[in-house]
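*Asks:* The residues making up each chain are set out below.
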Amino acid sequence: MSAIIEIKHVTKEFKVLNRREGLKGSIRDLFSRDYKTVRAVDDISMSIEQGEIVGYLGPNGAGKSTTIKMMTGVLEPTSGEILVGGNVPYRNRTKNAQEIGVVFGQRTQLWWALPLIESFRILKDIYQISDADYDEMLKLYQSLVDIEPLLHKPVRQMSLGQRTLSDILAAFLHNPKIVFLDEPTIGLDVSMKAKIRTLIHALNQQKHTTVILTTHDMGDVDALCQRIVIIDKGKMLYDNDISHLKQFFGSYRTLKIRIKGDLKQYAEEITEKLPRCSVSADDEWISVLVDESQTTVMQVLSELQKDYKIRDMQLEEISTEEVIKKIYEEGVK
Amino acid sequence: MTQKGLRFYLRIYGKILAQDLKSKMSYRADFIISTIGMICTNIAGFISFWILFSRFPSINGWGYYEILFLYGFSLVSLTPVQCFFDNNWSLRQYVYSGDFIKYCFRPINLFFYFQSEVFDVKGLGQLAFGLGTLIYAWVKLGLGFSVLMILKMIVFLLTASLIMIALQNAAAATCFWIQNSFYVLDLVMRFKDYAKYPITIFNSVFRFIFTFVIPIAFIAYYPSLVILRPDAVPVLSWISPVIGLVFFWLSYRFWMFGALKYSGTGS
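Each protein sequence line maps, in turn, to chains H and P.
Heads up, the first sequence is in this note's numbering, so the first residue is 1 and it goes up one at a time.
Heads up, the second sequence is in this note's numbering, so the first residue is 1 and it goes up one at a time.
Don't take every hint at face value.
What the hints assert, rightly or not - Pairs of lysine-lysine residues, derived as DSS-like cross-links and limited to a Cα-Cα distance of at most 27 Å, are as follows: (1) H:K95 with P:K152; (2) H:K124 with H:K139; (3) H:K325 with H:K195; (4) P:K15 with P:K122; (5) H:K207 with H:K256; (6) P:K4 with H:K153; (7) H:K95 with P:K15; (8) H:K36 with H:K273; (9) H:K177 with H:K207; (10) P:K15 with H:K124; (11) P:K261 with H:K235; (12) H:K195 with H:K124; (13) H:K195 with P:K4; (14) H:K139 with H:K207; (15) P:K152 with P:K192; (16) H:K8 with H:K153; (17) H:K153 with P:K102; (18) P:K192 with H:K124; (19) H:K139 with P:K15; (20) H:K233 with P:K261; (21) H:K233 with P:K192; (22) H:K235 with H:K273; (23) P:K261 with H:K95; (24) P:K122 with H:K153; (25) P:K24 with H:K153; (26) H:K153 with P:K15; (27) H:K309 with H:K273; (28) H:K325 with H:K233; (29) H:K36 with P:K261; (30) P:K102 with H:K207; (31) H:K8 with P:K22; (32) H:K15 with P:K261; (33) H:K177 with P:K102; (34) P:K102 with H:K193; (35) H:K326 with H:K193; (36) H:K264 with H:K309; (37) P:K24 with P:K152; (38) H:K36 with H:K24; (39) H:K325 with H:K235; (40) P:K4 with P:K261.
Just so you know, the hints here were simulated from the structure itself, not pulled from any lab data.
Given only the sequences and the hints, what does the whole structure look like? Please build it.
*Replies:* Here it is in structure tokens:
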């Protein structure tokens, strides 16, 4: 099987004006040509197969959007090569657009005033979808989600959840080879999130569509992605299966304990006592992340028992969320 | 994929337009109020024009009905820009908020896709008003009717429309580079008011500016000379259709150049 997306040593630089402070500075800026170069994406390579769901993760400002914009043809890379479905996206923007679908979390691409079904009909013309394919797709949608109440509702009257759902359906309508989903579950309630994850998964299975998903919600990643790519400050930190990632941090476990009293204050005390563990507290539990290659959970527990009366405890394997957080903070060792 | 021709785009435009009108009609109060507003604006403009001419029966050798002809001509030629290109007014908001990026993902012409989104019905009221004025002046001037004259009229009305559209495109597209582009757009659109007057009433500096820099003289003055003063038509009048096409093409390239270098805000 050949790769549907091929990215080789891609770098994107932006020129940014060096801004000075204060009013005087702004006036000097007016005449200044003092630019600095910012590398939003720095030498990234990856290869994605048809039908994969790839979680594209990174903290805010990591360069995710820039990469997606390059893959969709909105931005031209400063150097390196991108091939999406055999096209160079920037040079064949309209041809590339025919092969991809894009959803940006909070920005609908549907016609604001039109009922969903009318938007679909216009999209049918724009993408030149045949009647047979169109009907088949609508049937598939009907079997996957309760689409009837949405079809005749103008997009402007929809809730955020309905709108996101509609946008995703619209993005898959012309059966593109690749769909880019940028934070599709942002701001949605739990049941809507689940609904959308199920829909994406089903469409990926049925249509063998490649999905590139950026998100900050690890629930999305756990539910959908086999593979994740993590970037930060434009550099690629990780590109592999999630299971592999957990192995990486397999020696980490979280010890949760409950003590009577002000948990936040205890958490600070414990941080001082156990400098090698990262400690946090919520309303019920104090969580201690233990690196078992350095020390053991039992040791930590007996250490804590000396000073505190522990009322309850739990032991958790590290979650994807914590793994990602560790990578953002420390990188892959 | 087949090449997408004029028929493809007309079909899509027709569909969007039909849906858009349908949804606009459903907001009846909004529709009626905006129509009344448009009529009032036109009547007010007409009254100030009438007051001016009840004091000065002629300006620089231009009589009342000739000026009225120019007035009607400019109203009619402003209709296409009002109806079909009104989304240009919102361009800067889309660019500023980063929402403009949504137009970049469709396999059709970006300029077409953006403009097709809005059809302003109010322009039709203006068209009716302009046509009425134009026909009234035409009859009063005793210009007579012939197929050739009607053809000329249509060609030169289209010319004037193209120039108006070109001016608006170019002014709106400045938002790809500067943030406060509203003032540019507003300024250029204000100049169109001067299009209603014969250019000979301005001094030579403004005449030059209105002909070659901000070519509003082509909106009504030069084209209507062909009809009004057929004995002494300047070369600029005859070549105005070409100038219209060139300006429109340039403004389109400028608009697209800005749109393609647009990268959106972070998300």
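*Asks:* Please go over all the hints and tell whether each is borne out by the structure.
*Replies:* Against the structure, the hints come out as follows:
1. H:K95 with P:K152: Answer violated: K95 of chain H to K152 of chain P is near 41 Å, above 27 Å.
2. H:K124 with H:K139: holds (15 Å)
3. H:K325 with H:K195: With a Cα-Cα distance of about 26 Å, the restraint between K325 of chain H and K195 of chain H holds, given a limit of 27 Å.
4. P:K15 with P:K122: At roughly 19 Å apart (the allowed maximum being 27 Å), K122 of chain P and K15 of chain P satisfy the hint.
5. H:K207 with H:K256: Violated, because 43 Å separates the two Cα atoms, which is more than 27 Å.
6. P:K4 with H:K153: violated (30 Å)
7. H:K95 with P:K15: Holds, at roughly 23 Å.
8. H:K36 with H:K273: violated (44 Å)
9. H:K177 with H:K207: Given that 27 Å is the threshold and the Cα spacing comes to 9 Å, the pair holds.
10. P:K15 with H:K124: This hinted pair holds, its Cα atoms lying about 11 Å apart.
11. P:K261 with H:K235: Roughly 24 Å between the alpha carbons, so the hint for K261 of chain P and K235 of chain H holds.
12. H:K195 with H:K124: holds (25 Å)
13. H:K195 with P:K4: violated (37 Å)
14. H:K139 with H:K207: holds (13 Å)
15. P:K152 with P:K192: holds (22 Å)
16. H:K8 with H:K153: violated (44 Å)
17. H:K153 with P:K102: holds (21 Å)
18. P:K192 with H:K124: violated (39 Å)
19. H:K139 with P:K15: holds (23 Å)
20. H:K233 with P:K261: Holds, at roughly 23 Å.
21. H:K233 with P:K192: violated (49 Å)
22. H:K235 with H:K273: violated (35 Å)
23. P:K261 with H:K95: Satisfied, since the Cα-Cα distance of roughly 18 Å is no more than 27 Å.
24. P:K122 with H:K153: holds (26 Å)
25. P:K24 with H:K153: At roughly 15 Å apart (the allowed maximum being 27 Å), K153 of chain H and K24 of chain P satisfy the hint.
26. H:K153 with P:K15: It holds: about 18 Å lies between the C-alpha atoms, which stays within 27 Å.
27. H:K309 with H:K273: With Cα atoms ~16 Å apart, K309 of chain H and K273 of chain H stay inside 27 Å; holds.
28. H:K325 with H:K233: holds (15 Å)
29. H:K36 with P:K261: Given that 27 Å is the threshold and the Cα spacing comes to 19 Å, the pair holds.
30. P:K102 with H:K207: holds (24 Å)
31. H:K8 with P:K22: violated (49 Å)
32. H:K15 with P:K261: holds (13 Å)
33. H:K177 with P:K102: holds (19 Å)
34. P:K102 with H:K193: Measuring from Cα to Cα gives roughly 23 Å; hence the hint holds.
35. H:K326 with H:K193: Status holds; Cα separation ~25 Å.
36. H:K264 with H:K309: The given pair, whose Cα atoms are some 16 Å apart, holds under the 27 Å limit.
37. P:K24 with P:K152: violated (35 Å)
38. H:K36 with H:K24: Status holds; Cα separation ~20 Å.
39. H:K325 with H:K235: holds (16 Å)
40. P:K4 with P:K261: OK: K4 of chain P and K261 of chain P at ~23 Å, within 27 Å.
Hints 1, 5, 6, 8, 13, 16, 18, 21, 22, 31 and 37, counting from the list given before, are not met by this structure.
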